[in-house]
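Asker: First to last, the protein sequences are chains A and B.
Under our numbering, the first residue of the first sequence carries the number 1, and numbering increases by one thereafter.
Under our numbering, the first residue of the second sequence carries the number 1, and numbering increases by one thereafter.
Derived from the structure by calculation, the hints contain no laboratory data.
Note that the structure is a prediction, hence the values are computed from the model and not measured.
Just so it is clear, CB atoms sit at the ideal spot from N, CA and C, and this is done for glycine as well.
Careful: at least some of the hints might be erroneous.
[Claimed, not checked] Derived BS3-like pairs (lysine-lysine); straight-line CA-CA distance at most 25 Å:
1) A:Lys14 with A:Lys44
2) B:Lys22 with A:Lys44
3) A:Lys9 with A:Lys57
4) B:Lys22 with B:Lys58
5) A:Lys44 with B:Lys49
6) A:Lys44 with A:Lys9
[As the list claims (entries may be wrong)] Non-contacting residues of chain B with respect to chain A, defined by C-beta distances greater than 10 Å in every case (computed):
7) Val13
8) Pro18
9) Lys22
10) Gln45
11) Ser70
12) Ser73
[To be verified] Rough simulated footprint, nothing fancy, chain B against chain A, three-plus residues with beta-carbon under 8 Å:
13) 36-43
14) 97-103
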Amino acid sequence: NAGVTQTPKFRILKIGQSMTLQCTQDMNHNYMYWYRQDPGMGLKLIYYSVGAGITDKGEVPNGYNVSRSTTEDFPLRLELAAPSQTSVYFCASSHDRPPYEQYFGPGTRLTVT
Amino acid sequence: AQSVAQPEDQVNVAEGNPLTVKCTYSVSGNPYLFWYVQYPNRGLQFLLKYITGDNLVKGSYGFEAEFNKSQTSFHLKKPSALVSDSALYFCAVRDGAGANNLFFGTGTRLTVIP
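Full structure from sequences and hints, please.
Answerer: Okay, here's the thing in structure tokens:
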């Protein structure tokens, strides 16, 4: 009963490097989301997807890209990492019908130095 | 535009006492409201939701929340706090215009004192 899984758990990047955060869900949810969590700021939506092949920007998309080639996977790509992208990243998924609660992965803690 | 406010960054309560974590919201249309809990170094866990119906919603681990439309509030409550309830609590409201996007409050850290 895996739910939403994320890899890696921790990562340190140098400024300008790139990386992909992986997210997989096994609940057959159409909707998937990427959030970042900064101290005292709650969660901010980066990108979301309503199904394979469909993605859209959230509140804070700059510096990130996503793709959704399958229902299960929703990777988040960081290009040219910057210190401002130091954060904890959470992937989530949900059904596309009520009651809509989202299920979260354990998170990836990213530090850019 | 949708928004959520959690006016208290920190709530301290003695073990065995009732607890309340406050949340107010602003949304166009009917609100879908949620409470999540986050334990250290973990993802968010769903606690309870209000979609429609009774204003008092019961959820996991003995928590409940009271929806008050006139005050646009959705406060989280528990009759008797446990030390294990110590965690970070987030209130969220669904963006009805979008897919299923949630707007989160900034979180309230609950500390239950033995």
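Asker: Determine for every hint whether it applies to the structure shown.
Answerer: We went through each hint and held it up to the structure:
1. The straight-line distance between the Cα atoms of lysine 14 of chain A and lysine 44 of chain A is roughly 23 Å, inside the 25 Å bound, and the hint therefore holds.
2. With a C-alpha separation of about 20 Å, the suggested pair lysine 22 of chain B and lysine 44 of chain A falls inside the 25 Å cut-off, and the hint holds.
3. Only pairs whose Cα atoms come within 25 Å are accepted, and lysine 9 of chain A paired with lysine 57 of chain A is accepted, the gap being roughly 24 Å.
4. Under the criterion of a C-alpha separation no larger than 25 Å, the hint pairing lysine 22 of chain B with lysine 58 of chain B is consistent with the structure, at around 16 Å.
5. With a C-alpha separation of about 20 Å, the suggested pair lysine 44 of chain A and lysine 49 of chain B falls inside the 25 Å cut-off, and the hint holds.
6. With a C-alpha separation of about 19 Å, the suggested pairing of lysine 44 of chain A with lysine 9 of chain A holds against the 25 Å cut-off.
7. With a cut of 10 Å on Cβ distances, valine 13 of chain B stays outside the contact zone with chain A, its closest approach being about 21 Å.
8. Every CB of chain A is more than 10 Å from the CB of proline 18 of chain B (nearest about 25 Å), matching its label as outside the interface.
9. With a least beta-carbon separation of about 15 Å from chain A, lysine 22 of chain B lies farther than 10 Å from that chain, consistent with its non-interface assignment.
10. With a least CB separation of 7 Å from chain A, glutamine 45 of chain B falls inside the 10 Å interface cut-off, contrary to its annotation.
11. At roughly 24 Å from the closest C-beta of chain A, the C-beta of serine 70 of chain B stays outside 10 Å, upholding its exclusion from the interface.
12. Every CB of chain A lies more than 10 Å from the CB of serine 73 of chain B, the least distance being 18 Å, so the non-interface label holds.
13. Judged by the Cβ-Cβ criterion of 8 Å, the region 36-43 of chain A is covered by chain B as claimed, because 4 of its residues qualify and three suffice.
14. Three residues within the 8 Å Cβ limit are the bar, and the region 97-103 of chain A against chain B gives 6, so the coverage statement holds.
In this structure, the one hint that does not hold is number 10.
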